[in-house]
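Participant: Model the placement of chain S on the given structure of chain H, informed by the hints.
One letter stands for each residue in the lines below.
There are 2 protein chains.
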Amino acid sequence: MFQFIENGSVTSPNGFKAAGIYCGIKKRKKDLALIFSDYSCTAAGTFTMNKVKAAPLVISQNVIKLDKSVKAILINSGNANACTGESGYDDALKMQRWCAEKLNLLSTEVLISSTGVIGQKLPVEKIQTGLDEIIPSLSKDGGYDAAEAIMTTDTRIKSYAVKVRLKSGNVTIGGICKGSGMIMPNMATMLGFISTDAKIEKDLLQTLLKETVNVSFNKISVDGETSTNDMVILLANGSSGISIMENSEDYPEFLSALKALTIEMAKSIVSDGEGATKLVTVKVSGTKTKSDANLIGKSIANSSLVKTAIHGADANWGRILSAAGQSGADFDPAKVSISFSNLPILLPNFTLTLDEELASKILSQKEFEIHIDLGEGPEEATWWTCDLSEEYIKINADYRT
Amino acid sequence: MFQFIENGSVTSPNGFKAAGIYCGIKKRKKDLALIFSDYSCTAAGTFTMNKVKAAPLVISQNVIKLDKSVKAILINSGNANACTGESGYDDALKMQRWCAEKLNLLSTEVLISSTGVIGQKLPVEKIQTGLDEIIPSLSKDGGYDAAEAIMTTDTRIKSYAVKVRLKSGNVTIGGICKGSGMIMPNMATMLGFISTDAKIEKDLLQTLLKETVNVSFNKISVDGETSTNDMVILLANGSSGISIMENSEDYPEFLSALKALTIEMAKSIVSDGEGATKLVTVKVSGTKTKSDANLIGKSIANSSLVKTAIHGADANWGRILSAAGQSGADFDPAKVSISFSNLPILLPNFTLTLDEELASKILSQKEFEIHIDLGEGPEEATWWTCDLSEEYIKINADYRT
Numbered sequence: 001m002f003q004f005i006e007n008g009s010v011t012s013p014n015g016f017k018a019a020g021i022y023c024g025i026k027k028r029k030k031d032l033a034l035i036f037s038d039y040s041c042t043a044a045g046t047f048t049m050n051k052v053k054a055a056p057l058v059i060s061q062n063v064i065k066l067d068k069s070v071k072a073i074l075i076n077s078g079n080a081n082a083c084t085g086e087s088g089y090d091d092a093l094k095m096q097r098w099c100a101e102k103l104n105l106l107s108t109e110v111l112i113s114s115t116g117v118i119g120q121k122l123p124v125e126k127i128q129t130g131l132d133e134i135i136p137s138l139s140k141d142g143g144y145d146a147a148e149a150i151m152t153t154d155t156r157i158k159s160y161a162v163k164v165r166l167k168s169g170n171v172t173i174g175g176i177c178k179g180s181g182m183i184m185p186n187m188a189t190m191l192g193f194i195s196t197d198a199k200i201e202k203d204l205l206q207t208l209l210k211e212t213v214n215v216s217f218n219k220i221s222v223d224g225e226t227s228t229n230d231m232v233i234l235l236a237n238g239s240s241g242i243s244i245m246e247n248s249e250d251y252p253e254f255l256s257a258l259k260a261l262t263i264e265m266a267k268s269i270v271s272d273g274e275g276a277t278k279l280v281t282v283k284v285s286g287t288k289t290k291s292d293a294n295l296i297g298k299s300i301a302n303s304s305l306v307k308t309a310i311h312g313a314d315a316n317w318g319r320i321l322s323a324a325g326q327s328g329a330d331f332d333p334a335k336v337s338i339s340f341s342n343l344p345i346l347l348p349n350f351t352l353t354l355d356e357e358l359a360s361k362i363l364s365q366k367e368f369e370i371h372i373d374l375g376e377g378p379e380e381a382t383w384w385t386c387d388l389s390e391e392y393i394k395i396n397a398d399y400r401t
Numbered sequence: 001m002f003q004f005i006e007n008g009s010v011t012s013p014n015g016f017k018a019a020g021i022y023c024g025i026k027k028r029k030k031d032l033a034l035i036f037s038d039y040s041c042t043a044a045g046t047f048t049m050n051k052v053k054a055a056p057l058v059i060s061q062n063v064i065k066l067d068k069s070v071k072a073i074l075i076n077s078g079n080a081n082a083c084t085g086e087s088g089y090d091d092a093l094k095m096q097r098w099c100a101e102k103l104n105l106l107s108t109e110v111l112i113s114s115t116g117v118i119g120q121k122l123p124v125e126k127i128q129t130g131l132d133e134i135i136p137s138l139s140k141d142g143g144y145d146a147a148e149a150i151m152t153t154d155t156r157i158k159s160y161a162v163k164v165r166l167k168s169g170n171v172t173i174g175g176i177c178k179g180s181g182m183i184m185p186n187m188a189t190m191l192g193f194i195s196t197d198a199k200i201e202k203d204l205l206q207t208l209l210k211e212t213v214n215v216s217f218n219k220i221s222v223d224g225e226t227s228t229n230d231m232v233i234l235l236a237n238g239s240s241g242i243s244i245m246e247n248s249e250d251y252p253e254f255l256s257a258l259k260a261l262t263i264e265m266a267k268s269i270v271s272d273g274e275g276a277t278k279l280v281t282v283k284v285s286g287t288k289t290k291s292d293a294n295l296i297g298k299s300i301a302n303s304s305l306v307k308t309a310i311h312g313a314d315a316n317w318g319r320i321l322s323a324a325g326q327s328g329a330d331f332d333p334a335k336v337s338i339s340f341s342n343l344p345i346l347l348p349n350f351t352l353t354l355d356e357e358l359a360s361k362i363l364s365q366k367e368f369e370i371h372i373d374l375g376e377g378p379e380e381a382t383w384w385t386c387d388l389s390e391e392y393i394k395i396n397a398d399y400r401t
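One line per chain: the protein sequences are H and S, in this order.
According to my numbering, the first sequence holds residues 1 to 401 in order.
According to my numbering, the second sequence holds residues 1 to 401 in order.
Source of the hints: derived by calculation from the structure; they are not laboratory data.
On a predicted model such as this, the values are computed, not experimentally measured, just so you know.
Some hints could be false.
No distinction is drawn between identical chains; accordingly, a pair holds when it is met within one copy or between any pair of copies.
Unchecked claim - Listed below are the simulated DSS-like cross-link pairs for lysine-lysine, each with C-alpha atoms no more than 25 Å apart in a straight line:
{"hint": "1", "residue 1": "LYS121", "residue 2": "LYS335"}
{"hint": "2", "residue 1": "LYS51", "residue 2": "LYS335"}
{"hint": "3", "residue 1": "LYS361", "residue 2": "LYS121"}
{"hint": "4", "residue 1": "LYS51", "residue 2": "LYS288"}
{"hint": "5", "residue 1": "LYS361", "residue 2": "LYS394"}
{"hint": "6", "residue 1": "LYS51", "residue 2": "LYS283"}
{"hint": "7", "residue 1": "LYS65", "residue 2": "LYS51"}
{"hint": "8", "residue 1": "LYS29", "residue 2": "LYS102"}
{"hint": "9", "residue 1": "LYS259", "residue 2": "LYS140"}
Looking at chain H on its own, in the form it has when it is part of the complex (with noise of 0.2 Å):
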């Protein structure tokens, strides 16, 4: 049993505080984020496939290597420091170190991010002097603002917490995301925190985690089709005394909960796509096998002349079936039906039932279902999209100037 707590938050777990400031890297808007806990945590984290990967991305990753434990985790927005040498390597090293020593730990028990523009130079001096301002703000009131602190081209802050209850007890699982770009599911950065009470293992920890941001962030943006910041982190602190094991009778409770709050923060992030103004979840089914399904889910979510026709309300189911097929996927066109929210548009040996009218009323709301089913066998996979309007053009073209 699991519930979404109103306003939830990264700080919702016990121990956590968290804060998010303006240290001066933006032009106006807020920075700088910081999360910590009272209470050493054991640690989890997936990172970007991109062969380019940002140094301060590169640090985290260490320190979730060394099976290091970790108190904190520091994120800037506004600048990537990616593709910034090993002048960057070094300020992003600074960064970890500055806010170790203030906090009095030790640098491996900090982790750090950075989104924002590609290739200048960080400014790391305003973090520096940001670090004064940040730690004093911590408190359990800060998630919100850390989840404001470390949106780029986000309009909306994201938020989530879940109460479990579990047989031996109750825990929090909560987190903040970012992430916009992901209109196209290509190389936009995402980023995402999540903190627990619970007591985990290292490895275990590990393993829930990739399980869940696969059912969910990987169902908007793709292995090896991300960005050179790319990461989410898991912190799990123990401090409610509830430890979850891989063989207790609580584990899959708990599985439940964290895929169930990362598919949420993952659909938030989708939602506020830049420039959407539809959420759509694509179901497929009926694939012989799971790979199949992902790379119909894939194809679909991913086509900007699916996306386009979503935009403009427009039933073009042949786009939708154009899309499955050119996924690489096997499977034979005529045995294939398509239905918006359970409107059925194309039955098997491309039986039109499309009514026009209804299907358009369902493309113009703000939340439907394209489901495909293949017809070939038992496998099915779950993707989100938006859809693609002029705005993101706007959005994209002068990010930087």
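Facilitator: Same frame as chain H, now just chain S:
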């Protein structure tokens, strides 16, 4: 030695005629094209990799597979006759048979092709009536009419020809094509029809076509990312009396001319991309393998973040590097250099030489080159792309309605 012919077309080679008329499939514009050779032709073709194949494409593909000689190509626009089931297949067979009967040919001497909306029944009786008008209209001057009649969202007629001077005499190669959704090389229909009066055996013709498509049309679109109707056809009627053979002196020269023609055709498609205002050559060099060069070229040419930055004349080289990084190719980001039309932007070790003002001037031009050198090896590849503008969304949001 070869040179482009002013106002050249698919009718420029000896023995070819063409016509283009309005037969009532579209609302007003020309929608039926016919290409005819006075002499029997060997025929080669390359066809979509999409699992979902339009009926006319399947029929034409079979003609080519069966090594039939060909004398005519009948093409309609306004309706793709794709995802139309068995009755769609029957319609395509009718289209082929009627055309053959009225030209006194065997059905297998006629190739057919359709482009337009997917999933709607082809009004094939309009083609039947249209044939009575188009056959008498066939002429040496009809290439431009045919090129116009195969257009969908294209804004410009695409018609070219080259005169090739060979040791053994002169031959001509001509071609028309359509395709305009290529701004995102993803499922937009691309058709190309090429003719020559050289005499070339079927197998060699297929080899020639494959090799040239690979450096032209496949560098704007992508294997496996194609529409239900994509095809490129090459007919050789031999009426010049000049034979091209694999080991002959003339072979390399003929191949060069064919490549030049198809690259020009491919570039005309990109520069007429939906909403496109700029034609961008993406040159990739210094990779370990050819495959890496192509992965990187494809990734940059397809990146909507790169394409929107180009639209805004924003020298966002970080997006170019990040697109390369997510391509799957193997390289060290620190060895990369980037230039825009010979203006160095980034040198190895992330040494930035970017002059924003000069760079922005280049990116404001109608044609320029993005060159990325990976510093890893001797291989290279050239791709073409265009900018991504608000206009693209407008065109695609309500294409059917």
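Participant: How would you classify LYS65 and LYS51 at a CA-CA limit of 25 Å: within, between, both, or neither?
Facilitator: within (18 Å within a copy, 42 Å between copies)
Participant: Cα distance capped at 25 Å. Does LYS29 pair with LYS102 within a copy, between copies, both, or neither?
Facilitator: This pair counts as within: shortest intra-copy Cα distance 24 Å, inter-copy 72 Å.
Participant: Given identical chains, is LYS51 near LYS288, meaning Cα to Cα at most 25 Å, within a copy, between copies, both, or neither?
Facilitator: Result: close only across copies, 15 Å inter versus 32 Å intra.
Participant: How would you label the pair LYS51, LYS283 (within, between, both, or neither) given a Cα cut-off of 25 Å?
Facilitator: Between. Shortest inter-copy distance 20 Å satisfies the 25 Å Cα cut-off; intra-copy 31 Å does not.
Participant: Is the C-alpha distance from LYS259 to LYS140 at most 25 Å within one copy, between copies, in both cases, or in neither?
Facilitator: Close inside one copy (24 Å), not across copies (66 Å); limit 25 Å.
Participant: Tell me, please, which holds for LYS361 and LYS121 at an alpha-carbon limit of 25 Å: within, between, both or neither?
Facilitator: between (49 Å within a copy, 24 Å between copies)
Participant: First find the shortest C-alpha distance between LYS361 and LYS394 inside one copy, then the shortest across copies, and answer within, between, both or neither for a cut-off of 25 Å.
Facilitator: Between copies, since 19 Å is at most 25 Å while 27 Å is not.
Participant: When no copy is named, should LYS121 and LYS335 be tagged within, between, both, or neither for a Cα gap of at most 25 Å?
Facilitator: between (54 Å within a copy, 19 Å between copies)
Participant: Is it within, between, both, or neither for LYS51 and LYS335, if the alpha carbons may be no more than 25 Å apart?
Facilitator: between (39 Å within a copy, 12 Å between copies)
Checked against the numbered hints above, the structure violates none of them.
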